[in-house]
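J.: What follows is each chain in one-letter form.
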Amino acid sequence: MQKVFDAMLGWVDARFPLIKTWEEHLSKYYAPKNFNFWYYFGSLALLVLVIQIVSGIFLTMHYKPDTQLAFASVEYIMRDVPWGWLMRYLHSTGASFFFITVYLHMLRGIMYGSYRGPRELLWLIGMAIFIALMAEAFMGYLLPWGNMSYWGAQVIISLFSAIPFGIGDILSEWIRGDFVVSDATLNRFFAFHVIAVPLALCGLVFVHIVALHKVGSNNPDGIEIKKNKGPDGLPVDGIPFHPYYTVKDIVGVAGFLIIFAAVIFFAPELGGWFLEHDNFTPANILQTPPEIVPLWYFTPYYSLLRATTEEMVTKGLLPLTIVMTILTVISVRNVLAKMAAVGIGSVVVVCLFIFEAKLWGVILMGLGVGLFAFLPWLDMSPVKSIRYKGWMFKTALIIFCIDFLVLGWLGTQPASGPNVILAQIGTILYLLFFFLMPWYTTFDKTKPVPERVTQ
Amino acid sequence: MSNDGVNRTRRQLIGVTAGLGAIGTGFAAVPFVLSMTPSARARAAGAPVEVDISKLAEGQMLTVEWRGKPVWIVSRTPEMIDSLKNLDAIVADPDSAKSIQPDYAKNASRAIKDKYLVLVGICTHLGCSPLAKLQAGAASGMGDDWLGGFFCPCHGSKFDLAGRVYKNVPAPTNLDVPPYSYVSDTRLMIGVDQKEGAA
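Those protein sequence lines, which keep their order, are chains A and B. Sequence positions in the first sequence follow this note's numbering and run 1 to 455. Sequence positions in the second sequence follow this note's numbering and run 1 to 199.
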């Protein structure tokens, strides 16, 4: 038996680098031995991707991308298709869990400085995955053709119309394929949601793992294990991914699936957080829901958008730009860099006066997502991991996490009264976490980093 | 990279070939990009809509669908029309200079006949449909100093009874007035321009 198996393996291996791939990426891929709880979320995100693709395939067997039929076909899946409700709840709960795992995965990266060199490109590929994931979630949300689907899409596509010089209107018309969100929009969002974006996502995830295995994993101590190799040429602080981390990750998968199944079977709507109640009525072109609220994973950015009023631009963004420009000019030594800072600062100030608040809201929303991409170059600390960073970074990160959650909560609440002021303060704090990072990471008192990883 | 032993002619030809290939790819992308623009059917769907306003009581509003958008017809009371003057100071664009409306509706009441206001019910901020809060005062749930108008629940924009936007709200311009005309005293045609000197 063993002989037959070996012969078959030999036959394949002569025609495909099977054993080489297995060894390079699993049995002889050396990962730091001190991975902790936070290192579960990468493999869990991959698991959710698989769950989404599989449940999605089974949903497309019954779903109809047509404004006349879409809403009813989702109800048909829920009521008449055998186990259809499970497929749909797997998919809708999976969407929220995708963002939970990805947000925790990103927080892990920020805590342990996983974005720092030589992993900058790995982080940027991750950012591309994050943006593709948001596009995927947004387009999928239109498909049930509920009233929140319709008006949510209407608002987000209208964001593009804020682009000046007449480009915006043409662009939003091109995205919709019509003058309003209509059958053409639904049909193309279906095409993007089921093939174009998932294809891109899978490609990006593949590239993300290839880049990871090129530079090697970071770890909670932020030490390069490749710098400390034993006489056998292998990192002394490394252990092979298989079997050590495959087994560890399976424990994570088991724990995750318990929570995931509990939500699916006992609270698939999670009180309106995972499936919004306003989306249980079909799209009505003449009637906006009382509050347009995106799902929870978009609400922090939605808060940034809503906080940007005329007053916010003149009393918040304008002073912020001026202060940041002065701070930069004082801090950089190079004369050319000083001039560049003054130049960029004055252009932004002039633009703040020229363009309307609507455009700045969209820009801030974009920054809310895009600023993460700059972290590798904003963080100037001599150490990577939060374990060896000082109080300044720790305080900044705690404030940012609380701020992110508060903005997320505010995004689900009516935009009036004290909520607006609170969201505006939150917006400034959000921006300052990134904008001030070069300063607080430079002046922070760091602890010495050990030679070997700690337990 | 060393350039020794490079056949320069071949190198240039490779460059030219690659450039032409890129141009060809660009042209090939055009049909794909254009296939996503509004189709002939979508363009043709903008037929005008005729509305009977004989049963619309004073102070009431009627909503019809035109080109997939809600269009509001509000029968304004004399007090409502009078209140507009008091708002000139607190609306962002009192003369509708920056806003979209046909020339025949670019006046103090933003209408052909003062009594009937016709608006596209889509907020100029991000395309939500604002709520009608026509009654002045606390009855609309908008506070005692509210003079009647529209409120967008999505991002808090406020408009007066001529669709003019208040200052310091996210919406940049007044609500659009669609092209419309009077077929008779009690019938409106949404989507067809009023002829010069008529009505």
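These aren't lab readings, by the way, just hints derived from the structure by calculation. Just so you know, even glycine gets a beta-carbon here, dropped at the ideal spot from N, CA and C. Among the clues, some could well be false.
To be verified - Selected chain A positions facing chain B (in silico; Cβ < 10 Å): (1) K3; (2) D6; (3) I175; (4) R306.
J.: For each hint, tell me whether it holds in the structure or not.
T.: Here is what the structure says about each hint:
| no. | hint | verdict |
| --- | --- | --- |
| 1 | K3 | violated, 50 Å |
| 2 | D6 | violated, 45 Å |
| 3 | I175 | holds, 8 Å |
| 4 | R306 | holds, 5 Å |
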